[in-house]
Amino acid sequence: MSNFEIVAREDFSDVTYLLEVRHPLMAKAARPGQFVIVMSHPHGERIPLTIADFDRAKGTITLVIQAVGKTTKEMQQSCVVGSSLYGVTGPMGIPSHIGKVKKVACVGGGLGVAPIFPHARAFKDNGAYVIGIVGFRTKELMFWEDKFRACCDQFIVCTDDGSAGIKGNVTAGIKKALRDHPDIDEFVAIGPPIMMKGCAEATRAHKIKTMVSLNPLMVDGTGMCGGCRVKIGGEVKFACVDGPDFDGHQVDFDDLMTRLRRFTEQERTAVERWSENCRMTNPLQTLKTRIPATTEEAEFPDPFDEVRGG
Amino acid sequence: MREQPAAERVKNFTEVACGYSPDDALREAERCLLCPEQPCVAGCPVGIDIPGFIRKLGQKDFRGAYDVLTDTNLLPAICGRVCPQENQCEGVCIVGETLEPVAIGRLERWVGDQAIAEGWASIPYIEPAPYRIGIVGSGPAGVACAADMAKAGCDVTVYEAFHLPGGVLRYGIPDFRLPNEVIDAEIGRLEKLGVKFECNTLVGRLFTIEQMVDELGFHAVFVGTGAGYPTMLGIPGDSLNGVLSANELLTRCNLMRAKEFPDYDTPLPLGQRVAVVGAGNTAMDAMRVCKRLGAEKVYCIYRRSRTEAPARAEEVHHAEEEGIEFHWLTAPAAILDDGKGGVRGMRCIRMELGEPDASGRRRPVPVPGSEHDFETDLVVFAIGTNANPIMGQTSTLRLNKRGYIETDAELATSVAGVYAGGDIVTGAATVIEAMGAGRKAARSMKAYLGIRDSDQPYVIDGRGSGNRMFGIDPQERNFARIRIA
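Protein chains in written order, with this note's numbering: chain A, 8 to 317; chain B, 344 to 828.
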């Protein structure tokens with residue numbers, strides 16, 4: 008079980024890419040809401056990635072990755088079709104509860120757009136009326152529109168610059184959904200913490216159940232280190248084994264956002280060192296990868312800004 | 344035994360105790376009286392024939408000494424390093440009544456190291472048995488069980504959730520106490536016995552225990568997943584960024600090699616003034632790791648006194664030599680934040696010892712008005728663990744009230760053919776106790792499968808039944824195999 012071959016890859020933008028990894032057992036076991044821990048090489052770090060899709064017939068799982076730190080940028084270069092990841096462990100976390108609800112809104116922002124898809128599909132399979140709400144920075148960065156349209160009864164796109172759908176972030180889409188449908192039973196939101204917080208705030212007044220999928224830093228993903236602890240209604244929970252899904256109205260998002268900044272400094276060091284090394288040893292490859300247009304983008308992004316990159 | 348000087352070793356992760364020279368080992372072996380009472384054998388959780396291996400050692404039959412050791416303990420190089428011998432074999436040694444007890448642990452380690460250096464492997468003749476055994480977890484309990492089942496001829500697969508095998512030996516115990524090469528060598532020896540290791544496999548989630556029995560074709564399963572789930576103190580400020588569990592610190596440092604960041608990608612929180620809460624072996628490891636990572640000051644904060652500290656005496660001694668500041672009878676009350684999500688200090692309260700509590704240790708009682716603040720920028724909790732919830736979430740195994748797996752005296756769980764042992768049954772304990780449990784479970788599995796237990800051949804005074812015929816215990820179900828689904 009050491010060969011996790013990449014069988015397909017798709018680049019959605021300069022920073023977002025999709026990997027389809029062969030892992031028949033995992034494809035069989037995976038449920039919406041679960042995640043994997045990936046190690047790209049023996050010196051690598053263990054990073055948690057939500058399972059964006061799984062294909063039981065093909066025996067593959069799909070990961071959508073945003074190149075924000077050293078590991079994800081390095082993977083953007085090294086993970087080509089035919090290569091293998093060093094380690095893929097999972098599916099981790101408690102699967103999302105896909106209840107028998109009549110009407111559900113599935114909200115995905117930035118990277119959250121991919122992992123919200125299995126939820127939308129599972130709710131549809133369960134007979135629910137599904138409203139898909141996704142947010143991107145601009146029209147060019149949109150992906151999976153056809154996949155969503157195939158399983159959503161209503162599909163709301165939001166872009167920051169208004170180049171497609173509603174102008175604004177997903178909160179604008181949530182407001183529209185709440186206006187159009189006074190009878191939504193449940194919201195599910197996946198994305199950067201600030202987006203999930205916004206979603207939880209928008210639904211709080213309406214007292215609509217809102218599940219969010221938390222993305223704290225992790226090491227093992229099996230409940231052993233406690234690095235991923237989050238505060239839920241004043242109680243400490245480990246997102247890896249007690250979650251990653253929690254009631255959005257109970258989550259202390261500010262605590263989560265502070266904890267996500269734990270290693271900002273080390274992450275910046277790693278990215279700097281890595282990009283210097285690449286330039287030295289791999290000049291050709293650097294040329295092939297498009298250099299980001301603005302210097303702002305080249306810096307290590309704040310985790311809350313991830314939504315812009317999507 | 345020669346040790347690296349404290350001033351030197353706090354700058355590196357090389358092993359502290361350098362081990363015996365052959366002369367040292369022979370000299371120490373001669374101190375053993377080879378007394379007929381053999382209290383050491385009873386003091387050992389796995390009952391190693393200690394005088395037996397020391398006798399061979401004294402006769403310069405090093406290979407023979409190794410064979411005697413590995414009859415009962417497949418991992419001598421590891422146990423010689425990490426067992427709390429002062430509470431076990433050495434604690435009851437007759438020589439110890441008047442002089443220093445025989446250094447059994449050091450001798451065991453020496454023999455184990457010889458075996459690694461010489462490439463010895465005790466591979467007995469193995470009678471193949473038509474059974475497949477699944478082991479969940481590659482820590483001490485799992486590997487001990489795997490070794491015994493492989494020797495019994497079974498086809499053994501060990502599943503590990505991490506990317507490397509070894510469990511707590513790998514992620515928990517730092518290099519200066521147990522070098523990774525030793526773990527690799529001992530795991531390599533198991534592979535020679537035919538044991539297969541499958542890493543990156545989270546049993547429970549990738550497939551369940553029930554699926555192992557019903558679909559994957561395992562005739563028996565052993566669960567040795569360890570305790571996991573670290574306890575946080577639940578005091579104000581314990582979710583601050585400068586607060587972490589010892590498990591996290593040690594995993595980052597040992598398994599993920601964050602001490603070599605940025606050559607390895609995993610980062611590590613660095614502190615100049617580190618406060619470690621707790622005084623067990625894990626706490627000692629965490630403190631000494633922080634010292635080696637360059638912390639100026641490392642404090643041990645413990646609410647009881649030195650007498651009650653659960654760490655091995657040698658570890659406390661080593662930590663003291665390395666300049667760890669011990670604050671006995673001190674309990675944390677709150678962690679103070681620096682306004683940026685990090686740690687500025689810790690508020691503590693002094694304790695005094697009152698009446699003995701349920702554990703027999705004197706209960707610490709807070710001294711009113713004794714609050715005082717420490718300056719610290721990193722706080723590490725090493726105050727124990729709770730049961731890992733994954734098995735409970737994913738299987739029908741019956742758990743006890745505290746979430747640990749419930750077993751009978753033979754370590755059988757509530758599911759037929761599934762056995763469990765180690766920390767996931769008892770709560771946090773020692774490496775050798777976990778290995779003892781793994782071996783005990785192996786005995787039960789052999790009985791369940793009807794494999795004659797070659798570990799106890801032709802023992803006339805065997806367990807309870809005097810009427811063995813041809814060395815076969817009538818209680819062994821080796822004529823018909825019955826599985827109750």
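Simulated from the structure, these hints should not be mistaken for lab results.
The reader is advised that the hints may include incorrect statements.
[Stated by the list, open to error] Here are the simulated SDA-like pairs of lysine to any residue, each with C-alpha atoms no more than 20 Å apart in a straight line:
id	chain 1	residue 1	chain 2	residue 2
1	A	Lys35	B	Gln554
2	B	Lys602	A	Arg275
3	A	Lys238	B	Phe405
4	A	Lys244	B	Asp581
[Said to hold, decoys possible] Only part of the chain B face toward chain A is listed, based on derived beta-carbon distances under 10 Å:
id	residue
5	Val435
6	Val438
7	Cys542
8	Leu592
9	Leu593
10	Glu603
[As the list claims (entries may be wrong)] Now the stretches of chain A that chain B is said to cover, found in silico as 3 or more residues with beta-carbon under 8 Å:
id	segment
11	32 to 46
12	51 to 65
13	144 to 158
14	186 to 199
15	229 to 241
16	244 to 251
17	272 to 279
Idealized CB from N, CA, C, for every residue including glycine.
Using the nearest Cβ pair, does Leu592(B) come within less than 10 Å of chain A?
holds (9 Å)
At least three residues with a C-beta closer than 8 Å to a C-beta of chain B: is that true for the segment 244 to 251 of chain A?
holds (count 3)
Per the coverage rule (Cβ-Cβ under 8 Å, at least three residues), is the segment 272 to 279 of chain A covered by chain B?
holds (count 4)
When you check the alpha-carbon spacing of Lys602(B) and Arg275(A), does it fall within 20 Å?
Satisfied, since the Cα-Cα distance of roughly 17 Å is no more than 20 Å.
Within the assertion that chain B covers the segment 144 to 158 of chain A, do at least three residues meet a Cβ-to-Cβ distance smaller than 8 Å?
violated (count 0)
Taking a Cβ-to-Cβ distance below 8 Å as contact, does the segment 51 to 65 of chain A have at least three residues touching chain B?
Result for this restraint: holds, n = 3.
For a C-alpha distance cap of 20 Å, please report whether Lys238(A) and Phe405(B) respect it.
violated (56 Å)
Whether chain B covers the segment 32 to 46 of chain A (at least 3 residues having a Cβ closer than 8 Å to its Cβ atoms)
The restraint on the segment 32 to 46 of chain A holds, since 5 of its residues have a Cβ under 8 Å from chain B and three suffice.
Against chain A, with CB atoms and a cut of 10 Å, does the hint on Cys542(B) hold up?
For Cys542(B), the interface hint holds, since the closest Cβ of chain A sits about 7 Å away, which is under 10 Å.
Report holds or violated for the interface hint on Val438(B), using the least CB-CB distance to chain A and a cut-off of 10 Å.
Violated, because the Cβ-Cβ distance from Val438(B) to chain A comes to roughly 40 Å (cut-off 10 Å).
Hint status (Cβ of Val435(B) to nearest Cβ of chain A, threshold 10 Å):
This interface hint is violated because 34 Å lies over the 10 Å limit.
Min Cβ distance, Leu593(B) to chain A: is it shorter than 10 Å?
Because about 9 Å separates Leu593(B) from the closest Cβ in chain A, which is inside the 10 Å limit, the hint holds.
The structure shown violates the earlier hints numbered 3, 5, 6, 13 and 14.
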